[in-house]
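Asker: Next come the chains, spelled out residue by residue.
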Amino acid sequence: MDMQRFLSRKIVDMPRSGIREFFDLCAGSKDIISLGVGEPDFVTPWNIREAAIFSLEKGHTTYTSNYGLLSLREAIAAYVASFFGVGYDPTCEILPTVGVSEAIDLALRCLLNPGDEVIYHEPVYVSYAPTVQMADGVAVPVQTGIEDLFALNPDKLEAAITPRTKVLMLNFPTNPTGSIAPLETLNRIAEICVKHDIFVLTDEIYSELRYDGVRHTSIASLPGMKERTLLLHGFSKAFAMTGFRLGYCCGPKELIEMMCKIHSYTMICPTITSQEAGIEALRNGQSAMHEMRDSYHIRRDYIVKRFNDMGMDCHLPGGAFYTFPSIRRFGLSSKEFALRLLKEHKVAAVPGTAFGPCGEGYLRCCYATAFSLLEQACDKMARFCDSLKA
Amino acid sequence: MLRDSLLKLLAADARLSDRQLADRLNVSASDIAAERAALEKEGRIVGYQAIVNDDDDFVSAFIEVRCTPERGGGFNRLASRIARFDEVKSCFLISGNFDLLVMVEAKSLMGVARFVSEKLSTMEGVLSTSTQFRLKTYKNNGLSFEEEDAPERISVAP
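Residue numbers (the working numbering), protein chains in the order written: chain A, 466 to 855; chain B, 27 to 184.
For the record, the hints were derived by calculation from the structure and aren't laboratory data. One should not assume that every hint holds.
Stated by the list, open to error - Below, a list of computed lysine to aspartate or glutamate pairs in the DMTMM-like style, where the Cα atoms sit at most 20 Å apart:
#, chain 1, residue 1, chain 2, residue 2
1, A, Lys621, A, Glu649
2, B, Lys34, A, Asp766
3, B, Lys34, B, Glu61
4, A, Lys631, A, Glu719
5, B, Lys162, B, Glu113
6, A, Lys770, B, Asp57
7, B, Lys165, B, Asp81
8, B, Lys34, A, Asp506
9, B, Lys34, A, Glu756
10, A, Lys811, B, Glu178
11, B, Lys165, B, Asp175
12, A, Lys631, A, Asp554
13, A, Lys718, A, Glu692
14, A, Lys726, A, Asp554
15, A, Lys475, A, Asp506
16, B, Lys145, B, Glu131
17, A, Lys621, A, Asp662
18, A, Lys475, A, Glu582
19, A, Lys770, A, Glu840
20, A, Lys854, A, Asp778
21, A, Lys770, B, Asp112
22, B, Lys133, B, Asp80
23, B, Lys165, A, Glu515
24, A, Lys660, A, Glu692
25, A, Lys495, B, Asp175
26, A, Lys800, A, Asp851
27, A, Lys495, B, Glu178
28, A, Lys770, A, Glu692
29, A, Lys808, A, Glu840
30, B, Lys34, A, Asp759
If you're wondering where the values come from, they're calculated on a predicted model, not measured in any experiment.
Modelling step: build the complete structure from the supplied sequences, incorporating the hints.
Answerer: So this is what it looks like as structure tokens:
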């Protein structure tokens with residue numbers, strides 16, 4: 466039987482995730498030190514795990530409302546108001562989802578008609594373009610570069626706008642570059658969005674993980690933006706809860722209602738165990754989160770210094786837990802560099818091209834790994850760089 | 027600032043070299059050496075020890091001691107007299123129903139018993155003692171004594 470003819474053309478033609486591709490290459494190798502992960506190296510703080518266990522002990526094993534537990538939404542509303550300075554009504558403007566990924570999918574499906582264009586900055590997280598395509602939209606990447614420290618350049622954004630432009634997706638701090646959008650840049654982007662009547666999805670998943678000492682600003686908090694912005698956030702990165710698969714979005718109630726319609730047909734609700742763990746994280750997870758952030762901060766400073774010492778050009782990323790060093794001067798493509806580093810020195814880092822073509826010449830290296838392993842990885846990478854220079 | 031960060035790192039792992047500490051805190055190794063020396067001189071860093079799982083090697087007891095405070099010195103003189111015994115591993119002044127919590131370690135149960143009956147309870151000022159023996163250590167100095175395997179992360183992830 467020819468299974469191929471049963472498969473959807475749209476999905477078959479969609480490229481595989483570059484991360485996934487690289488993962489398959491690593492799968493066979495033993496004893497590798499991985500800088501290729503995209504998650505914290507901490508176990509979820511105990512008080513949060515304990516809340517999840519207690520939830521199970523109490524026998525909380527049911528569905529919840531499609532909107533999730535009201536107590537979770539109230540906790541989210543309080544947290545978002547204090548952290549981002551934007552107020553949302555927990556009864557109709559907040560939807561807990563299975564990670565930010567689900568929220569992005571729901572939002573795009575609710576916003577796009579076929580042919581509508583979605584602008585986002587590149588290099589960026591691997592799911593944006595495919596999710597736009599699955600929602601029948603047209604993905605319009607705007608390239609960013611080291612000259613803007615990988616923040617979206619407002620002039621380039623404006624140049625990419627067409628009459629079909631409907632949505633702008635932002636992700637600061639950015640996976641994979643760790644970049645931050647300076648406040649003046651965000652202000653200009655906001656003005657452009659108001660002027661051209663564009664709706665914004667802002668993926669704030671790394672917003673607690675900033676090391677530049679500047680209070681994080683979401684575009685949702687800028688004048689005139691709350692009404693045209695969906696703020697997406699979750700628990701995975703700041704609270705080390707990737708496996709709980711819990712995220713949420715906050716925005717105009719008309720959009721939230723449509724998103725909940727799809728959510729009620731496809732996902733129903735995030736696991737109740739995760740929702741109750743999430744409440745504990747928001748209420749009592751701050752100090753553990755700050756400990757983890759400070760620990761990433763130390764590691765960021767170390768790895769960036771080592772990378773520059775070994776001859777890679779690496780900017781100091783303001784947030785997330787990624788560095789994005791340039792390997793241009795070694796005359797290898799990102800993929801060749803990453804493959805040889807893996808084969809010859811057993812260090813895994815993701816080629817920048819996994820996050821868009823303008824990631825060529827770069828590597829994504831995650832420093833959410835034990836310090837002693839970072840030291841070893843840096844020693845190995847330094848030897849590799851020396852061998853390339855020779 | 028450097029001081030707080032240094033103490034935090036050393037409290038977690040005292041074996042880190044000055045070089046490693048310098049890498050983590052983005053300062054020079056000589057800065058670390060100077061700060062460490064200052065901390066030692068001031069008595070903020072009292073010592074560097076291994077955390078040993080000695081449940082099978084020693085008998086330990088937590089002894090609640092009630093005593094009479096002295097005019098002028100309070101509990102200090104008596105507490106430091108008690109603390110000087112080699113058998114005493116820790117000694118704290120405690121609020122509540124008793125005054126001093128003394129942790130005593132000996133090779134055998136009889137060793138602890140002898141220490142309590144011959145040394146501790148006969149000291150002038152000690153009103154009463156109540157001895158609790160350690161049966162098993164689960165966590166000490168912030169370290170879990172029951173080895174848990176670190177969960178495995180997949181090597182390349184989003």
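Asker: Against this structure, judge whether each hint is valid.
Answerer: Outcome of the hint check:
no., hint, result
1, A:Lys621 / A:Glu649, "holds (15 Å)"
2, B:Lys34 / A:Asp766, "holds (17 Å)"
3, B:Lys34 / B:Glu61, "holds (13 Å)"
4, A:Lys631 / A:Glu719, "holds (16 Å)"
5, B:Lys162 / B:Glu113, "holds (19 Å)"
6, A:Lys770 / B:Asp57, "holds (18 Å)"
7, B:Lys165 / B:Asp81, "holds (12 Å)"
8, B:Lys34 / A:Asp506, "holds (19 Å)"
9, B:Lys34 / A:Glu756, "holds (11 Å)"
10, A:Lys811 / B:Glu178, "holds (17 Å)"
11, B:Lys165 / B:Asp175, "holds (16 Å)"
12, A:Lys631 / A:Asp554, "violated (25 Å)"
13, A:Lys718 / A:Glu692, "holds (10 Å)"
14, A:Lys726 / A:Asp554, "holds (18 Å)"
15, A:Lys475 / A:Asp506, "violated (36 Å)"
16, B:Lys145 / B:Glu131, "holds (14 Å)"
17, A:Lys621 / A:Asp662, "holds (17 Å)"
18, A:Lys475 / A:Glu582, "holds (17 Å)"
19, A:Lys770 / A:Glu840, "holds (12 Å)"
20, A:Lys854 / A:Asp778, "holds (14 Å)"
21, A:Lys770 / B:Asp112, "violated (47 Å)"
22, B:Lys133 / B:Asp80, "holds (11 Å)"
23, B:Lys165 / A:Glu515, "holds (17 Å)"
24, A:Lys660 / A:Glu692, "holds (14 Å)"
25, A:Lys495 / B:Asp175, "holds (18 Å)"
26, A:Lys800 / A:Asp851, "holds (18 Å)"
27, A:Lys495 / B:Glu178, "holds (13 Å)"
28, A:Lys770 / A:Glu692, "violated (42 Å)"
29, A:Lys808 / A:Glu840, "holds (19 Å)"
30, B:Lys34 / A:Asp759, "holds (11 Å)"
The structure does not agree with the numbered hints 12, 15, 21, 28 stated previously, though it agrees with the rest.
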